[in-house]
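K.L.:
Going down the list, the sequences are from chains P and U.
Heads up: the first sequence at position 273 corresponds to 273 in the working numbering, and the numbers run straight through without jumps.
Heads up: the second sequence at position 289 corresponds to 289 in the working numbering, and the numbers run straight through without jumps.
If you're looking for bench data, these hints aren't it; they were derived computationally from the structure.
Heads up, a few of these hints could be off.
Here are the computed lysine to aspartate or glutamate pairs in the EDC-like style, where the Cα-Cα straight-line distance is at most 16 Å [as the list claims (entries may be wrong)]:
no., chain 1, residue 1, chain 2, residue 2
1, P, K142, P, E249
2, P, K143, P, E266
3, P, K606, P, E358
4, U, K263, P, E509
5, U, K263, P, E345
6, P, K179, P, E249
7, P, K401, P, E476
8, U, K263, P, E510
9, P, K505, P, E476
Computed from a predicted structure; not experimentally measured.
Each chain, written out:
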Amino acid sequence: MLNCRGMLLPGVAGLGALCAVGWALNKGRLEPADFTFVNGTEVKSLDPAIVTGQPENRMINALFEGLVRWHPETLEPIPGVAERWEISADRLTYTFYLRSNARWSDGSPVTAEDFRYSLRRFLDPRTGAEYAYQAWSLRNAKKYSSGGRALRPGDAVEVELNLPEDAVNTRRGEVIRGKLLRIEDGSGNGVPLPSIGTQSADAAADAWTYVVVADGGEHRYRCTDDSTAADRAPPPGVRWCRQVLIDFEQVGVRVIDDHTLVLSLENPTPYFLNLLGFYSLFPVQRACIEKYGSPQWTDVERIVCNGPFRPRFRRLRDRTRVVKNPMYWNASAARLRSVDFLATESSVTGLNLYLTGEVDWIYDVPPAALRELLKQRPPRDDLNPQPILSTYFYLLNVTRKPLDDGRVRRALSLAMDRRELTQGLLGAGERAAYSLTPPGLPGYTSAECPPEDAAEARRLLAEAGFPDGRGFPVLEILYNTHETHAAIAQLVRKQWQRTLGIRVKTRNEEFATQLNSQRALNYDISRRAWIGDYADPNTYLDMFVTGGENNCTGFSSARYDQLIRDAAREPDAERRMAMLHQAEQILMAEMPLIPMYFYVSKSMLKPYVRGFYNNILDHHPLHAIWIDREQATPNPFLRGRR
Amino acid sequence: MIAFTLRRLWWLAVTLWAVFTITFVLMRSVPGGPFDRERVVPPEIKRNLERRYNLDRSPWEQYWLELGRLIQGDLGHCMNLGDYSVNYVIAQGLPVSAALGILALAFAVTLGLTTGVISAAMRGSALDVLLRLVATAGIALPSFVVASLAILLLVFYVPVFPAAGWGSLSQLALPAFCLGAPYAAEIARISRTSMLEALSHDYIRTARAKGVGRAGVLLVHGLRNALLPVASFLGPAVAGILTGSLVVEQIFAIPGLGVYFVKAALQRDWTLSMGVVLVYTVVLYVMNFLVDLSYGYLDPRVEYDA
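Put together the whole structure using the sequences plus the hints.
P.N.:
As structure tokens, then:
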């Protein structure tokens, strides 16, 4: 008995260990993929419409293909599913001719109707596409995705009726088309115009009744979810519906035939073709989605895609393997047979994997290691940081004293030593920023703020009533918790104290909390960065329009708003760029933000990987990549290395 | 014994309910919601996202809806990892964390007890001092330091093990070592102290006097009594080790559960946060229960129904 008891603990532990080891080995070691890389966090979904973020971008680009693709080096839009296109003289109508050999991975053809379905689904508020605004350059697209609150009496509308609760959640209810007569509030009174059309998210709008003329009769609809519609009878004289939207016929998407698609725009948008290469606008297959529902259709066994690769398996937070899609129209050009996306979150771990030869590409290197790697002589043949479209800046809350004074804001910018920041602290070749828009935007010259000038900064501060910083209240720099942001805030604090004699505190909040403080204007100075979705200054500048959702500074300039609005309508590319340049001049004179530096790409790439180029969006489509271990010529990835 | 088990089960239900309620309130009182993004989501779309998770209802309604779902064993759908349900994420992560944890634990117990007993038996010797030093260092060093040193040594200088990953035995060795090391150190310290205490009792002298060998005195009469404090330490330790460690899983890219404890909270993934907190509660509770049961084996004087 005694012996039995004595053996119990080690016995159980030993058995457990054996089981664990057996189980772990059971998973077996995988045949390595042709190309393995660190993709960062686990992708949220394989559904192009609902994801955001860089890891998702890389994944969706491998699995799906839009009307156009971005050239792997120049990022110019090149034919994807669309073989060619025509643009009308007023640049408002785009006609796309789809290639006849474009196929889904189940063998069925990719048609214009697929794009119509996908765009409608993408814009449908029920889909919950966070990136819906990427398609808002299409005529009436914004109105469609803004739902019932955007409607006005007289609009052509579509009413989507409820389905039974147990229906596949991706199916649409019956759609009734008609004309919106008026909107009534809960007590039956007409809702006055000013309340309609504002995108207010107030709950009162849930009780609105939409009076619609359809099939010659007047019908009254109120929106509710399927379960309520099934459980409860609607108020007398009213029918339940899922939602009332502007009629999709009004949105600028028209199918001419199986292989011809016409897209019409709200305004001439010079970067529209680039937008079509953005992963959110890639097509999805209706049959697959409506058969399995969301998110079940993204299961690797079920998903139907149209890109160069298709998924083989997903191991949550470990790796996703994709293999060549034989149905892809250009399958012969895609040379990798299989690719592993590793869901490795830590950049240190990524670097370890890279240095031990487990992966072929990492897109991020921890700053401390990067400085050391860049110092190596002769320079490494697998590292080449180059500027990307991403700006690091501080927002200034212009509603707070003393930051409401433009002279104070300019003084802060003049007193910031960006060289010390980029060369002393960061050291990966980041460039000092004197404008919000990064260099490298085609056809655009950034408007810059004046460079460092300590004497001028002190003079401006004195002029604003704070000679040598006397009487200046304590400012606080807010940043989201991160080692680098903390170091930068400390450096800037020292620079400002040294040059201006003012007292500065720093405060960190984790990301979600900081976002909240930022939006509530609950800060003095707040760290922010902006990554361009496409290579156009508009993606940066329209942030700062009055009341813009991403403005977050309280800054407002009627002239600025006007310029941004006019630029959107301007068909002439050169004049448009001039307007945007003027707008940025205003921004850099008023300084609701202080630009600090432009990010650089931090990829490390094994020399045998070819077809991989540095570009300003840090976009590296996998279908262009191949492995060549014999090649002796320098890798194009190293072009422009300092 | 059965009454004891039933009583404990009842208290488990009460504990789960309390943890659920506190977590529910805490999550919703922190600024920021699951669908706050750097770029503002259009209001209509945000409302639809919230509707999907019943976030458009009053907190009171949400509370009952979630509680009802929980009682059916459904933890809901992840708010961030859109393709997966919380049950699936936990079903994928927990076995990984547990397998790693068991290995780490086996290592920790074996090494910890051995060194503890040796230290106690050779009290005051140079070996004892050395082992105690190592154990103290093991407790003091955070696991990311141990892991970094281990990687530097055994991955880069002497390439024996792969840097990270999951799937083969060699990939398990380093993380299991790093995860187990602090526990081994703790166990060594506790078992040494309790062993010394046990060896100072009269019955040990009696055993020696009646001619029991040195090994017999140590391992049979000493160790068994010295195990009680180790067992009480192991309860919560096992719970922690089985549900994974944020640091070790991050460094070695292990797809376990540990990361979610921090990440789900930071991303305001309320459903997933709730899921991992409840899983941890259950594991911790069960482990403490097992420790209580083990007292009965280790010390016949313990009675459950007292």
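K.L.:
Would you mind marking each hint as holding or not holding in the structure?
P.N.:
Hints versus structure:
1. K142/P <-> E249/P: The hint holds at about 14 Å.
2. K143/P <-> E266/P: Holds - the C-alpha atoms of E266/P and K143/P are around 11 Å apart, at most 16 Å.
3. K606/P <-> E358/P: holds, 11 Å
4. K263/U <-> E509/P: With Cα atoms ~15 Å apart, K263/U and E509/P stay inside 16 Å; holds.
5. K263/U <-> E345/P: OK: K263/U and E345/P at ~11 Å, within 16 Å.
6. K179/P <-> E249/P: Status holds; Cα separation ~13 Å.
7. K401/P <-> E476/P: Judged against 16 Å, a Cα distance of about 12 Å means the pair holds.
8. K263/U <-> E510/P: holds, 11 Å
9. K505/P <-> E476/P: OK: K505/P and E476/P at ~5 Å, within 16 Å.
Hint check: no violations occur; every hint is consistent with the structure.
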